[in-house]
Structure formats: structure tokens, C-alpha cells
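Hey, can you work out the whole structure from these sequences and the hints?
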Amino acid sequence: MVVREDELFMQGVELMLFGVSAVVIFLSLLVLAIGLASQVILRFFPQPAESQAVAQRRTSAAPAESSLDAERIAVITAAVHQHRQRGRNG
Amino acid sequence: MVVREDELFMQGVELMLFGVSAVVIFLSLLVLAIGLASQVILRFFPQPAESQAVAQRRTSAAPAESSLDAERIAVITAAVHQHRQRGRNG
Amino acid sequence: MVVREDELFMQGVELMLFGVSAVVIFLSLLVLAIGLASQVILRFFPQPAESQAVAQRRTSAAPAESSLDAERIAVITAAVHQHRQRGRNG
Amino acid sequence: MSNLLRLWDSTGLAHFQPGQVVMILIGLCLLFLAIRKQFEPLLLVPIGFGGVLANIPGAGLAYSAAENALHSADPAVLAEMARLLGQSVASDAEALLQALGMAAAPVQQAAASAAGAAGFSDGMLYTFYTVAIASGVAPLVIFMGVGAMTDFGPLLANPRTLFLGAAAQFGIFATVLGAVGLSTLGLMDFSLADAAAIGIIGGADGPTAIYVASLLAPDLLGPIAVAAYSYMALVPLIQPPIMRALTTQAEREIVMTQLREVSQREKIVFPLMLLILVALLLPAAAPLLGMFCFGNLMKECGVVKRLSDAAQNALINITTIFLGLSVGSKLVADKFLDIETLGIMLLGVVAFAIGTASGVLIAKLMNRFGSHPLNPLIGSAGVSAVPMAARVSNRLGLEANPSNYLLMHAMGPNVAGVIGSAVAAGVMISLVGV
Amino acid sequence: MSNLLRLWDSTGLAHFQPGQVVMILIGLCLLFLAIRKQFEPLLLVPIGFGGVLANIPGAGLAYSAAENALHSADPAVLAEMARLLGQSVASDAEALLQALGMAAAPVQQAAASAAGAAGFSDGMLYTFYTVAIASGVAPLVIFMGVGAMTDFGPLLANPRTLFLGAAAQFGIFATVLGAVGLSTLGLMDFSLADAAAIGIIGGADGPTAIYVASLLAPDLLGPIAVAAYSYMALVPLIQPPIMRALTTQAEREIVMTQLREVSQREKIVFPLMLLILVALLLPAAAPLLGMFCFGNLMKECGVVKRLSDAAQNALINITTIFLGLSVGSKLVADKFLDIETLGIMLLGVVAFAIGTASGVLIAKLMNRFGSHPLNPLIGSAGVSAVPMAARVSNRLGLEANPSNYLLMHAMGPNVAGVIGSAVAAGVMISLVGV
Amino acid sequence: MSNLLRLWDSTGLAHFQPGQVVMILIGLCLLFLAIRKQFEPLLLVPIGFGGVLANIPGAGLAYSAAENALHSADPAVLAEMARLLGQSVASDAEALLQALGMAAAPVQQAAASAAGAAGFSDGMLYTFYTVAIASGVAPLVIFMGVGAMTDFGPLLANPRTLFLGAAAQFGIFATVLGAVGLSTLGLMDFSLADAAAIGIIGGADGPTAIYVASLLAPDLLGPIAVAAYSYMALVPLIQPPIMRALTTQAEREIVMTQLREVSQREKIVFPLMLLILVALLLPAAAPLLGMFCFGNLMKECGVVKRLSDAAQNALINITTIFLGLSVGSKLVADKFLDIETLGIMLLGVVAFAIGTASGVLIAKLMNRFGSHPLNPLIGSAGVSAVPMAARVSNRLGLEANPSNYLLMHAMGPNVAGVIGSAVAAGVMISLVGV
Ligand code: NA
Ligand code: NA
Ligand code: NA
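Chains as they are written, first to last, in our numbering: chain L, 271 to 360; chain F, 271 to 360; chain G, 271 to 360; chain C, 114 to 547; chain S, 114 to 547; chain D, 114 to 547.
Don't read these hints as lab results, they were simulated from the structure. Cβ coordinates follow ideal geometry from the N, Cα and C atoms, glycine included. It is possible that some hints are incorrect.
[Claimed, not checked] As a list, the in silico BS3-like pairs of lysine-lysine whose alpha-carbon atoms are at most 30 Å apart: (1) C/LYS418 x D/LYS477; (2) D/LYS477 x D/LYS418; (3) S/LYS418 x D/LYS418; (4) C/LYS418 x C/LYS477; (5) S/LYS380 x C/LYS150; (6) S/LYS418 x C/LYS150; (7) S/LYS150 x D/LYS380; (8) D/LYS150 x C/LYS477; (9) S/LYS477 x S/LYS380; (10) S/LYS418 x C/LYS418; (11) S/LYS150 x D/LYS418.
[What the hints assert, rightly or not] Part of the chain D face toward chain S, derived, beta carbon under 8 Å: (12) PHE145; (13) ALA189; (14) GLY249; (15) VAL368.
[Unchecked claim] Footprint (simulated), chain F over chain C, 3 or more residues, beta carbon under 8 Å: (16) 236-242; (17) 389-396; (18) 530-537.
What follows is the structure, given as C-alpha cells:
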């Protein structure tokens, strides 16, 4: 009985050692991989300025939203325009 | 056969009596409980005015919505402001 | 073995013939049915102008949207009104 | 040529039976009512469409794999199924279908296995029914969504209106009596469980009716659901004559006192209190009222807006689609076209009428005792049919007195009716179930 | 130390097989095409990612519990499985996997039970596949959503374009012939059911192809789905040369007459009429076209906006995620890396080409007879691939004549193609299935 | 009268046991904390409510059909179940329940069948648990949604912070040791698998904890989930004293250099790279990290906005509702009210404390070596509890130096902690599982 429980504790210790090591090794490799990937991308595949803009537009351009935005922008533009005009008038 | 069908009818009558009573008793207890709870809450745990405001803000403040509202309010404010200015101008 | 494979090919030919015929027959009947239905509807059940308008309003009138639209229209109206006023002022 | 024959045999034309034609017409009729007359379209569009799909001959969308195997009339398959079901090899498909319906679970599994091995599979609507209704999940999820959309403010401001919600449930139990009466007279053949499931139509609550029917009388689920939703849509026609007949002009003119504002805390405590009362008194109603209270708590607590929105939108809408199609699967000709269906339609409208009358009469009675005036027109709203019945009360109130807005006052009994029929459902399940 | 060994044994590195490396690269390649080249990203992102997941060595995400038990190579488990499968105890995992694949349903259940008791469970992707595709539900739900997004106005305004949708389906059947031809020549080993499933690639309709493949040739589902979506994405490259080769400049310049406005009632009646035609003639297409018509009716009837929105958004998006991952589960190396896959990819592009050519040629033929002019460029849109093929027609029309907008005219054959391939699918299922 | 007795017997009052009262109070207490104190309300509202539902006496919502049959105390049913379970006919319900829990799969199926035939059915919460958690699906779907909401920008800009996410996982493994220590001392009775599941609480990641517990220690899932979410909510109370004790004022004042902008391509490549690393090294983490990476890829690739939105909204919200209720089903009195639950609550807070301390200490250590300054306050964010822990770091940073905004810097270790605990989960599953 005592043996069994000591064994359980030893298994726990083992699990801790292997577990901590595995996590640290895995994340260390990930750090290396990120560094490598960043360098490769930034050096050999830099994102062209225009393509990034396109990408951004693409990302944010669900049709419904964009039409809504367009409308809102129109309204705001009108309002701001008014505001300036008023400034000039006043 | 006739006995069986009479029995079915008696079961129906019984079901009706017990059912109606059960519903009435249950809802009566609910009426009592609501009355009691309302009195306890209104007397001992009145909702502080500020906390209610907070709660309301919290409830209605999904980030997307609030930013949308903020924008719309800005536009409306601008428009209304214009309107008043125009009134003074005119 | 050769027999079996020839048979497979004959089955393929048969499948092609029956399949193409079935598709063509089905879609031909659909063309006829559409023509018939259109004539019947346009002659005997023309959509009254008002009911169509109602239907359209109904379709597009999820409460949230309509209130949003109403608000937006109010803002736009105000802005446009301003714009015209400014035109007159200037 | 064998292909040509097979092609013809695979058309619907070769297999149409009169019952299927009738049921397809009934399905189209439900669609017409739903779309043109706006009879509870959210449910009747899927139910009607499901009804049409279920009756497409040869498609077997509403049948299990084993039933489809028996319908196929393939002799080898029939012989194998007869062996499994312990029937004579000479039995026809009809007899085997009956035997299948009454077989024990392991035999049914064996039959399903054999049908699968012979290349038959469960029909689409059958699958939907199994997942959505037989499991009990869909009506409960819809009830959660309804809870998340319900505002108990008017009820909490005037808790007495709960009695009106109780009164209107009298229609349920009177209809149970009517159903067993019809059986006693030998006109129909309803068991006590059937009668209980039919009575719930009078609760004017779709998900409750479907839930109870799926537990107590799955064979009658089709007509019960159709009756429940049809009559809910007909509330503006059924109720006003009864309400006018039972009230005087003076009563209809009664103006009720403005309701007080109810605090958020009271609204948060209410679903919990109701839940505890259910736990103490009526565990059989725990699934229905539990999910309902959960939905309402999510709405009122104000800290789980994401979940409350999901319950009120994506989840309830998706579930409604499959619930409706699943109910449609019970509109197959051989289960629906029955004298019992007529009985159910008849009893359903009686249930609505009695519920309406009870609500109005109890309101008149309560008016004699209470201090605050109570317009008896709001009594009819106790049948639930939210929010249609409350609107009917409001309309008749405005007719009698153009400045008499009863809508908010009628919302109290209206939501009380939802609780009332769920309680009645719990009573039925615990007294009749199993 | 045993733990260290166990840890190493539990890494993927210890188990990687060349096929898995190849398949992971193919998965990454699909992701590249989907993200960078925008090849049908809504499906190819989940499919590609699922393909990578399915080939992670040791994870067994694409396998059932019993398959995972056999892959584990645990001698006790293997012996037990060999006993259940009625194989010699000396059989290796390979032989047992084959025996499992061909075992009867009860034996498979026993094997699953034994695997579960030994601690193995179904892989995640296998579970998704079972629920989403093997049940048939996911493609049908997506078809419902597609129906709810489809506007039949252009088709109803010019019903003749349905013939173009029919013509383009010739590609399907020609491909069937090609597939059985390859088998006859001994180059591949396709059964008639396999050939039918491969042909449907030419329908240019993802959910239809997946639905048919899941019924007729589940083993080929992976390559068929990948081929279908890849070629749909490649429509702007595949079609134009064929269209230019088969038309003259003068034909491409034909301006078509403006389409008439179609009333709401015609749009409501259309899905019901299509459904009834299916019921009369082609019950085997009832699940696919039934759900499609249901979605379209929800959209057009205007009274169930909540449900129509759910079908077009939450429901179709959620289903697409799981459908894509489930298809990915069929990209495991031992099922995908096969000479048959090459055959499927080859036959798929042939199917697209023949369908395009047939559409254009029939349009030219129809132009000789009809009174209204018909630009043959819209014939190619009959392959479906909505709305890509219609856009291609429009683009080539503008090239020939800068004021010749064909988009709306091409939408007619485009949606007709969806119906056409569903009809073809129904024909296949009823002639070849079971 | 028999009906009256039956009615009384069907109330909850007749069956309430003290444990159930306690558990309902605990459920209400969780609801209070969630609603009033805003303790992780998205999970604790459903969990608390589910806990109340699970303990309604006589409703049996959290039990399987067979368990409900055994709870019914019907002698005929008990005798039949005893026969099936191979127990003496004289056995009481208690003994039979135990025998059922330990029976082999076929026996359990037979018992379920018999219970079904006797009219018992699975409780609602039991069904939810089976579908959502036992299948492993719900935590994975939530993890996908979390992936779709996570921005890895701060981590990619400063990859060194991954070490902080690793360091904080030390709390997990120390707690495993604590749990086996308590067993060794004879105070509790945790197996190694139990200990591993308890340790994961220290990962401060709800879905990961639930996923691991459902695999390694389903019996402890209730207390583990409650502990995980409670302590995540208590992060603003638990962490600050530890952080202050382990850092000097000068360290807390360290200002970190502005993070660089990370390109979209780096963000797209990251989830794929992480996935491949998982495939190479830790297949046991493939389900969790695979779904997480899939969600993140959908977000970052920018071409599947529809799917990404579905994963972040409808899908995750719906899943959260059922996940919460399912966890609640594990709060039944006879499984929760146990000395082990106290041990789990105690070990959980220890795990959080050790994780926090390790993160801070390693940050101090790294500060000695790296070239860029590292404020040790961001080390504590490595326990995950996104975004609460990062906000705590930010708050303490501002306390020390009112212009020292650490939020973005703390987001790096914060999301690293999510990866770290999923990796730890994979290690546990591969070393302890099966
Ligand atoms: Na009611
Ligand atoms: Na097509
Ligand atoms: Na963590």
C-alpha cells in the first residue's frame, strides 16, 4: 500500500519533470520558428504596400457593411461640409 | 368493455380536477412569492439610482453597437447644431 | 472479364442516354410550367399595386432595421435640407 | 429497357396514392394560409413545406430506414424483415409495418441494421424529427428563446393577473374531458395520454404542445401541432365574439390604473423564484419551465448579452426551421388522414373557446373583490398565444372606449398563460406519463 | 525512462510516413490557393486545413475508434480485434483494417465497442464527418441556404435559358462515360457508381457533388470535393478559351433585350412548382431540390425573414465550417494518394470543358430558332459555378462590345445549371444507387 | 386518492435530500457571483443555472435513462436491472447504481434499452452533456472561436514573451504534484489522471480544463470547471499581492519599448507554423491547438470573413450555452459534495498562485539577459485568463508609473499562456491518457 502511494508520487514527479521540459522545449522551438519565419517573410516576401491596402479593403468589405459605411460617410461628409461652410459664412 | 370506458371517463374527470387544482395552487403560490419578493427587494435592496444607470449602460453596451451609436450621435449632433446655427443666421 | 468490362461501358452509355434525356425532359416541362404559371398569374392574379407595396414594406421591415433606416433618413434629410438652405444663403 | 422501367418506377407518378395527393394539397393550403393570410408563418411555412416533402411518393423522406425497406416491396428484403420481426414469411408490407411499430427496441435495432445493409437509409425528415423532437431538444430550445424574449414587467407590476393565466388553462382540462368523452361514446379512440396531449392545444403555446405530444402521444403530434398553430393564428377570429358575449359595454370600458415601474432586481429574481417553485412542487415541468426561466434570466441579468442574443436569434431561428420540418414529417398520409385528426381539430377550437371564456369570467369575478378595477377583456389574453391575444384585448378595449389602451395590462395574463400551460403540461406528464 | 520513450513515441516525428508529408503539403497548397489566389476560399480553407489535420501522424483525427485501435499496434488490442473480425490472430493491422472496412454492421459495432473499452475514441474529424456528411445533412442545409440566396427573377423572365442549364449538364454524363471508359481500358478501377459520382463534378456545384459522392462513392469523396471546388475556382481560366473558340466576334457582340420585371407572386409560385414537378417525376432528387426550394420559398414569401436570414447566415456559415473540415477528413494519405485521384482530377476538368462547350453550342442552336436574340456567351454559364460563370460571360461580352452587359442574362442559365445538376444527381441516384 | 398520492409523490418536496438543497444554494451562489460580481458571467450563469436544474429532486435532468430507472425505486424495474447487471435481486438502488457505473459497454446498452422500454428517458442535461462534452466537441468549438478572436500581433512582435507563457505553466505541474501528494498522505484519493486534470486548472483556460477533464477525469469535471472559471474571475484579487511581493518598485516602473507593427503575412503564417510544430511533436494536442489555429487562420487570412464571424459569434455563443448547462449537469449532489471537491478548490488557487509567481520570476530572470527591458509585471499574464491577467499587469504598471502602459506588452505572454496550457494538456493526455 505504502509502496503504491510512493509510486504514485514518483509518477507525479516524473510527470512534472517531463511536462515542464516538454512545454519549455515546444515553446522554445516556437520562438525559433517565429523568428525565422519573420525574417524570411520580411526579407523575401515583404508585403507590397498596395497589396496590403487591397487586403485590408478586402477584409473589411462585407458588402452590407461597406454600403452602410458608404452611406454613413456620405452623411458625415455632408455634415462636415456644412460645418465648414457655416464657419465661412459666420 | 363499458366498464373500461366508464373508467377512462372517470380518469378524465380526476385528471381535470387534479390538474385545475394543481395549476391554481401553483400560480397562487407564485402570486404570493412575487408579492413577498417585491416587498423585500423594494424595502431592503432598493436599486441605487447610479447602479441602475450602470446596469442599463452595461446592458446596452455591446462594443460594436455603442461605437456605432456614438458615431450616429456625433452626426446627428452636428446636423442639429447646424440647424440651430442656420436658425440664428436666418 | 472482358465481357464484364464491356458491360460496364454499355451501362455507362445507357446511363448517359437516360440521364441526358431525363434532364432535358424535366427542364422542358419546367419551362412549360413556368410559362403557364406566369400567364395565369399575370392574367388572373395580378399583384395589386398597393399590396405589392405592402409586401415590400413587410419584407424589408425587420423592426431594428426600419428604426435604423428611419433615423438615417432623418439625418440625411436634415443634412440635405441644410445643404439647400446653405445654397440659398450663399 | 430495364433502365427505362427502372426510371419509370423511380418517378413519383408510378406510386402516387390518393392520400398523398390530399396531404400535398393540405400542405400547400397551410403554405397559402401562412404566406397570404400570415397565419403564424414562422412555423406554418416550415410545417406546410415539410408536409409536402413528407408525402412525395417513393422518396420516403419521413420514414426510417426499416420503414423504407418495407415500403420498397423487394421480396428478399421483406422476407428478411419478416424473419427479424418474427412474422410469417407470407406477411405483406402492411402487416410487417405494424409489427415493426410494436416491436421491442432490440428488434427494431436489428431491423434498422438489416435495412441499412440492404442499402436503405433514414429519410431526411425522419432524421430531423429524431434529432429535433424525439430527443425533446427543439421545443426546449425554442422555449429558452421565448423566455429570452419575454418581459415579465407587466406581470410583476400586477401579479393578480396570474390568476387569469390560471383560469384560461381550464380550457385544457375541459378538452381532456371532451376527448375521453368522445372515446367513451365510442366515436373516437383516444387513450388518456392522447386526451392529455390534445388538451394542451388549449394552452395556445406551440412548443409546449409539441413537447407534451412528443412525450405522451407521438402519433398524434402532426395534427396537434397543426391545430395549435392554426388556432393561435385564428385567435383574432375565435376570441372576439366570445369576449363580447360575456361582457357588458360598461365592463369593456373599464380603464385600468397605470402599471408601476418594475426594478431590474425584481425581474432578475422572478425566473429564479419560479424555478425554485418548480423544483419544490412540479419537477415534471422542470425541463420546460427550467429552460424558459434560463432564457429569461439571461435576458434580465444583463451580463450575458452575447448568450441572450444567440438564444433570441441564431439559435431559435435555426431550431424553428428544423422543428417545423420535423413536424411536417408527421403529416404523412397514413398517419394524418384519420378520423382522429378531425376530432383533434374540433376539440382544439373548443379548447380555445373554453379557455377564452374562463379567462373573461374569472376576470369578472375578480373584479368584484379586488380594489383596483380590472377590465374583463384582458382575461381572454390568459390563453397565451403571445402577443396576438393581448392585441385582441387591446383592440376590443379601444372599440369600447377609444382612449382605453389595454395592451400592457393584457401582457400580464398573456405571459402568465405561458407559465400556466407549462404548469398544466407538467401536471399531465406527471399524472399520465410513463 | 519508459516515460521518455513514451513521450518520443507520442511525437509525430516517430510515426511520420511519406504519404502524410505529401498530403500535408497538398493541404498547405490548397490553403495557399484559397488565401492567396482566392480559389473558393469559403470551402477550400476548411478543406485544406482539415486535410492537414487529418494527416497528423499519431493523432488519428480522421479515423474511427476501431481504426485508431488497429493503428495503435498494441498486440492485445489487435488480437481482440482479430477475434471480433473473424481473422487469424496472426493478421497484421493492414489486413485487419481491410477486414473492418468490409465487415457487416453488427461486427463493426462490436469492434467499435471493443475499441472504446480499450480507451480509443473516434477522431474529431471522423465525428464531424459522421454528423455532417454521412448523415447527408450538411450538403442539404447548405443547399437550403443557397436556395435562400438565389434570385430566380432572371430565369423566370426568360425561361428558355433553362435549356442552357440543361445543355451544360451534358458534361456530367460525358464524364461518366469517360470514367467507365478508363475502367474498360483497364487504366483505372471505377465502378458505375464511382463514375456517376465523378461525373457530378461537371455540375460545378459543391454541395451537390458532395451529396452524391457521400451516397454513391464515399471513398472518393475527398478527391471529388477537391476537384469540384478547385475547378469552380478555375472557371475564369477554363471557360474563356473554349467560349472564344466556339463563337464568332459577331455572335459575341449580340445585345440581348432587357429582361421584364418578375412579380413577387411568380417568384413565390416557382419553388412550389419545381417541388411538385420533382414529386411527380424525380423523387430521388427530393432531398436536394426540396431543401433548395424550401430555402428559396423562405426568401421570396417575405413573411419569415427571421428564418431566411438564419438560413443565409448563421446556419450556412456554421455548416460550411464543419462540411469543409469533414471533407478534409477524406484527405488522409491512404485514401487520397491513389492513381484514381489523378483520374478524377483529369476527368473533372474534361467535364467542365464539355459542359461549357455544350452550353455555348446549344445557345448557338437556340439562336437559330427563337425570336429574341441570344448571346451564345451566356450558354457557358449553364454549368452553374454561381456567380463566377455568369461573370465570365459578362466579361467576354464586354470585351466584344463595351456596352454589352450580359450579367443579368447569364444569371438565368447560371441558376438553371444548379437545378440541372440537382436533377442529374437525382437521375444518377435513382439509376445507380442501391 | 391514488392520484393525490401520485401527485404528492411527484412533487419535489417529497424527495428533497439535504445534498440537493446545498447544491441548489451553491448554484444560486454561482449565479449571484456571476450576475452581481460579474465573475466570468458567460460561463458561470449557465453553469450555475445548470447546477440548480441538475439538483431538482425527482426531475432527473442530469441522469441517464438507466440511472433514472434505478432512482425510481420501482421494484419490478429494479429487479430487471439487477438481472441485467448480474447483481442479486435483493440489491438496493445504491448498489445497482454503482454496478451500472462499472459495467461494460454492452451491459450498459442493455440497461439503457430496458430503462427505455420501461418508459424512462435520458435527462435533458444528460443529453446536453453527451452531445456537447462527452463527444469532445463543445470545448473544441469554443477553442476555435477563441482562436478567431485572438490577435497574435503582440506575441509575434516580441516572441520572447512565449517563455513567460511557458513559465506560468509551472503552476500546472506543481499542482499535479500537490494532488498526488495529498493522495500519498492519504488525505484525498486522486489517481494520476485525476491529478493531471486538476493541474490544468492552473492553465487558467476554461475550455482546455473542460476538455482535459472530460478525457482524464470525467467524474471531477464539475468541480474542475467551477474552480477554473471562479479563479479566472478572481485573477484581479489573487495576482496583485503575489506580483507586488516578488517585484521591486524599480522593476515595476520599467518602461518597455514600443512593439513593431506585424505584417498580415506573418500573422497568416503563424497558425500554420504552430500547427506543423504540433504535428511534428505533440499530436495529442492536435484537436485543441488544431481548432485554435484554424480559428486564428480564418480570422487572419481575410478571405473567409463569413466563417470567421460565425466562429466568433453565433457558433461560440450557442456552444457556450450548452457547454455551461452541460457542466452544470456535473454539479449533482452525489458527485459534487465530496471531500475531493474541497481539495480541488484548494489546489486550484495554489495552481494560480504558483503560475503567477513563476511567470514573474522568469520575467525577472530574462530581464538579466535580454537586451530590451522587460517589465516583470507582464510575467503574471502568462497564466492566460485572457484578457483579465493582462489588464492586471497593466493596472499595476500604471500604479507604479502613471505613464507606463503595459497592456499590449502583456497580451504577448497572455496569449502565449493559452498555447502553453494547450501544450501542457497535450503532454498530460499523451503521458497519462488511455
Ligand atoms: Na397558455
Ligand atoms: Na450545375
Ligand atoms: Na494558460
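Consistency of the hints with the structure:
This hinted pair does not check out: C/LYS418 and D/LYS477 have alpha carbons roughly 40 Å apart, beyond 30 Å. With a C-alpha separation of about 41 Å, the suggested pair D/LYS477 and D/LYS418 falls outside the 30 Å cut-off, and the hint is violated. Between S/LYS418 and D/LYS418, the direct Cα distance comes to roughly 23 Å. Compliance with the 30 Å bound is thereby established for this hinted pair. At most 30 Å may separate the alpha-carbon atoms for a hinted pair to count; C/LYS418 and C/LYS477 exceed this at roughly 41 Å.
Using a Cα cut-off of 30 Å, the hinted pair S/LYS380 and C/LYS150 holds, with the two alpha carbons roughly 18 Å apart. Distance hint between S/LYS418 and C/LYS150 is fulfilled; the C-alpha atoms sit about 16 Å from each other, no more than 30 Å. At roughly 18 Å between alpha-carbon atoms, S/LYS150 and D/LYS380 fall within 30 Å of each other, so this suggested pair holds. The straight-line distance between the Cα atoms of D/LYS150 and C/LYS477 is roughly 46 Å, outside the 30 Å bound, and the hint therefore fails.
Proposed proximity of S/LYS477 and S/LYS380 is supported: the alpha carbons are some 28 Å apart, at most 30 Å. Proximity of S/LYS418 to C/LYS418 is assessed by CA-CA distance (about 23 Å); at most 30 Å being required, the pair is judged to hold. Straight-line distance between C-alpha atoms of S/LYS150 and D/LYS418 comes to about 16 Å, which keeps the hinted pair within the 30 Å bound. Residue-level restraint check for D/PHE145 is violated (minimum Cβ-Cβ distance to chain S is 32 Å; threshold 8 Å).
The closest approach between the C-beta of D/ALA189 and any C-beta of chain S is roughly 28 Å, which is over the 8 Å cut-off, so the hint fails. Among the interface hints, the one on D/GLY249 holds; its C-beta lies about 7 Å from the nearest C-beta in chain S, closer than the 8 Å criterion. At a threshold of 8 Å, the smallest CB-CB gap from D/VAL368 to chain S is about 38 Å, leaving the interface hint violated. Coverage of the segment 236-242 of chain C by chain F is violated [criterion: at least 3 residues with CB-CB distance below 8 Å; count 0].
Only residues whose C-beta sits within less than 8 Å of a C-beta in chain F count toward coverage, and the segment 389-396 of chain C has 3 of them, enough to reach three; the restraint holds. Evaluation of the coverage hint for the segment 530-537 of chain C: fulfilled, as 4 residues show C-beta separations to chain F shorter than 8 Å, against a requirement of three.
The earlier numbered hints that this structure contradicts are 1, 2, 4, 8, 12, 13, 15 and 16.
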